[in-house]
Amino acid sequence: MKVLVPIKRVVDYNVKVRVKADHSGVDLANVKMAMNPFCEIAVEEAVRLKEKGVVTEIIAVTIGSKAAQEQLRTAMALGADRSILVETDEDAQPLAIAKALKALVEKESPDLVILGKQAIDGDNSQTGQMLAALTGMGQGTFASEVNVADGKVKVTREVDGGLQTVELSLPAVVTTDLRLNEPRYASLPNIMKAKKKPLDVVTPADLGVSFASSTKTLKVEPPAERSAGIKVASVEELVEKLKNEAKVI
Amino acid sequence: MGILVYAEHDNSSLKGATLNVITAAKAIGGDITILVAGSGCGAVAEAAAKIDGVAKVLCADNAAYEHQLAENVAALVAEVGKDSSHILVAATTTGKNFMPRVAALLDVEQISEIIAVDSADTFKRPIFAGNAIATVQNSDSTKVITVRATGFDAASAEGGSASIEALDVVKDEGKSSFVGEELAKSDRPELTAASIVISGGRGMQNGENFEMLYKVADKLGAAVGASRAAVDAGFVPNDMQVGQTGKIVAPDLYVAVGISGAIQHLAGMKDSKVIVAINKDEEAPIFQVADYGLVADLFDAVPELEKLI
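Residue numbers (numbering that gives the first Met the number 0), protein chains in the order written: chain Z, 0 to 248; chain H, 0 to 308.
Since the hints were derived computationally from the structure, they do not count as laboratory data.
One thing to keep in mind: the hints can contain errors.
Listed next, the stretches of chain H that the computed footprint assigns to chain Z, with coverage defined by at least 3 CB atoms under 8 angstroms from CB atoms of chain Z [as the list claims (entries may be wrong)]:
#1 58–70
#2 204–211
#3 261–270
#4 284–298
Calculated Cβ distances over 10 angstroms to all of chain Z for the following chain H residues [claimed, not checked]:
#5 Ala73
#6 Thr93
#7 Lys95
#8 Asn96
#9 Ala102
#10 Ser155
#11 Glu164
#12 Leu182
#13 Arg227
#14 Ile274
#15 Glu281
Facing chain Z, from chain H, some residues (calculated, C-beta under 7 angstroms) [unchecked claim]:
#16 Thr22
#17 Ala26
#18 Ile27
#19 Glu108
#20 Ser111
#21 Phe127
#22 Asn137
#23 Ser140
#24 Asp152
#25 Leu166
#26 Phe177
#27 Glu180
#28 Ser185
#29 Ala249
#30 Leu304
These numbers come from a predicted model, not from an experiment.
The beta carbon of each residue, even a glycine, is placed where N, CA and C say it ideally should be.
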């Protein structure tokens, strides 16, 4: 069984980004980049399914600039067998990304597509669901447990009220939530081995997709700043302030 | 044309977040139709018809929609909403699950988690865990949008008298089936709807210690939340997580207990009106956003707080 794992190169989750002075976007110059945390969980889940003998091949894929090869190498160091870069310098939006992935699904015919539930830059949480719709697959989003058996996948999902379990016929799309697994670190020998694994580069035109978008970003501003308030000396003072000053209890 | 709002509910009652979405719909402007899809959901349709400012309620009552399976719901919403100017849903796990599927079926982009409406085609939304606010303009003929409830006031649940129309459209795609669910049962208010939230972090040390927070919460009529660290450590279940990838809350009072204040947590609560932080580390970043900070051992402070309120 083949698994496709789409990943994304994003600003490292420890970085607090700053908005550019001209409000055209956030300043990404010299900022540390990394694989999106939810994508790491997706790679890990695919690797675990391979270790269990359920999966035979893992293909990592990303849509992005040449620099995103670094994240594909990381995915291969973690256990992906090969990878594909759809190279573009455009800021691709989820619908276009889903269309590019659909083209790759048609080419590779994976039984399962596992991807992160959201990227921590755009915070959209759309790509997996859109890919599922475009390919006519069922979807198990926000997964905290995944079990593959008998041509089906059972997905336990983190929902607002607790957990919900659904069963999907394969092929299917799964998006990962935080509790699905704890990703491993790549070992040095595996990092070296990953350098020799195949990495194909294709263009959007090869896949017949365009990254033109119907959504235009007019401006990007910093959020309203919250200034630090006061320190209180005791619980008594805290309760007094909440009752008489803030009037919230 | 007109605006289609998808109702969030549990087949018996309408969820409050739908009222915030109606306010967003009013800000956009146009006739508002609410779509209720579920099984045995007549009471929800009746509640929806009473919301102030709603012109019509469509009720698709069928077993195919009982568990809000994304494949079935998206097919229904795409068919019903294809000629609407806008399709809106609250950015809950239900809305976030099916709505991108609707957008893809209609071949349009989705605008996720808007917090303000500038005009019928221009919206504000947080990106990078709320560290930046983007103003975006969309040119699709049908605008597919999820709404962050904390960005909008709730519309009045009374005062409307919309007509209710039964909708005989059954979309059973057969791609997924419901196996089961484990839903948290609590007498406390829902996290996203509570006016007071008290949350615990890694500093709580274990799940049993959350009992201290429950006691305070019960005296205040508050909901109890948690940081990702507390959920990952297994202290409490996932549905209590507040943050960038958990629940977004904006209560009148947010009390952070033993939470350091990672940016991902702040993204989920920094729009609260009043923030209190109790932490023994006076350098903790949470103090940078707190209106009232108390540097103290939570194991002393929380029981004392319970006595004094």
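Verification of the supplied hints:
Given a C-beta distance limit of less than 8 angstroms, the hint that chain Z covers the region 58–70 of chain H holds, as 4 residues qualify and 3 suffice. Evaluation of the coverage hint for the region 204–211 of chain H: breached, as 0 residues show C-beta separations to chain Z shorter than 8 angstroms, against a requirement of three. Only residues whose C-beta sits within less than 8 angstroms of a C-beta in chain Z count toward coverage, and the region 261–270 of chain H has 3 of them, enough to reach three; the restraint holds. Coverage of the region 284–298 of chain H by chain Z holds. Counting CB-CB distances below 8 angstroms, 10 residues qualify, and the rule asks for three or more.
At roughly 6 angstroms, the least C-beta separation between Ala73(H) and chain Z is not larger than 10 angstroms, which violates its mark as non-interface. For Thr93(H), the non-interface assignment is contradicted: its Cβ lies about 7 angstroms from the closest Cβ of chain Z, within the 10 angstroms cut-off. Distance check on Lys95(H): its Cβ comes as close as 5 angstroms (rounded) to a Cβ of chain Z, failing to clear the 10 angstroms threshold; non-interface status is violated. For Asn96(H), the non-interface assignment is contradicted: its Cβ lies about 5 angstroms from the closest Cβ of chain Z, within the 10 angstroms cut-off.
Against chain Z, the non-interface label of Ala102(H) is violated: not every CB pair exceeds 10 angstroms, the least being about 7 angstroms. Here Ser155(H) stays apart from chain Z, with its beta-carbon at least about 23 angstroms from theirs, past the 10 angstroms limit. Listed as a non-interface residue, Glu164(H) keeps its Cβ farther than 10 angstroms from every Cβ of chain Z; the least gap is roughly 26 angstroms. Not every CB of chain Z is more than 10 angstroms from the CB of Leu182(H) (nearest about 4 angstroms), against its label as outside the interface.
For Arg227(H), the requirement that its beta carbon stay farther than 10 angstroms from each beta carbon of chain Z is not met, with the minimum near 7 angstroms. Taking the minimum C-beta to C-beta distance to chain Z, about 8 angstroms, the non-interface status of Ile274(H) is violated against the 10 angstroms cut. The claim that Glu281(H) is not at the interface with chain Z is violated, since a C-beta of that chain comes within 10 angstroms of its own (minimum 8 angstroms). For Thr22(H), the interface hint is violated, the least distance from its beta-carbon to any beta-carbon of chain Z being 20 angstroms, above 7 angstroms.
A least Cβ separation of about 17 angstroms between Ala26(H) and chain Z goes past the 7 angstroms threshold, and the interface hint is therefore violated. Annotation: Ile27(H) was flagged as interfacial toward chain Z, and the flag is violated, the nearest CB pair being 16 angstroms apart, outside 7 angstroms. Contact between Glu108(H) and chain Z, as hinted, is supported at the beta carbon level, the nearest pair being about 5 angstroms apart and thus within 7 angstroms. Given hint, Ser111(H) at the interface with chain Z, holds; its Cβ is 5 angstroms from that chain's nearest Cβ, closer than 7 angstroms.
Evaluation of the Phe127(H) hint against chain Z yields a held restraint, the C-beta minimum of about 5 angstroms falling below 7 angstroms. Satisfaction of the interface hint for Asn137(H) is found here, the shortest Cβ-Cβ separation to chain Z being roughly 5 angstroms, below the 7 angstroms cut-off. Given the 7 angstroms rule on beta carbons, the hint for Ser140(H) is violated: about 9 angstroms separates it from the nearest Cβ of chain Z. Using the Cβ-Cβ criterion of 7 angstroms, the hint placing Asp152(H) at the interface with chain Z is not satisfied: the shortest such distance is roughly 17 angstroms.
With a least beta-carbon distance of about 21 angstroms to chain Z, the hint placing Leu166(H) at the interface is violated under the 7 angstroms criterion. The beta carbon of Phe177(H) is positioned within 7 angstroms of a beta carbon in chain Z (closest approach about 6 angstroms), and the interface hint is therefore held. With a least beta-carbon distance of about 4 angstroms to chain Z, the hint placing Glu180(H) at the interface is held under the 7 angstroms criterion. For Ser185(H), the suggested interface contact is broken, since its CB lies about 10 angstroms from the closest CB of chain Z, more than 7 angstroms.
Because the closest C-beta pair between Ala249(H) and chain Z is about 12 angstroms apart, greater than 7 angstroms, the hint is violated. This hint holds: Leu304(H) has a C-beta 5 angstroms from the nearest C-beta of chain Z, less than the 7 angstroms allowed.
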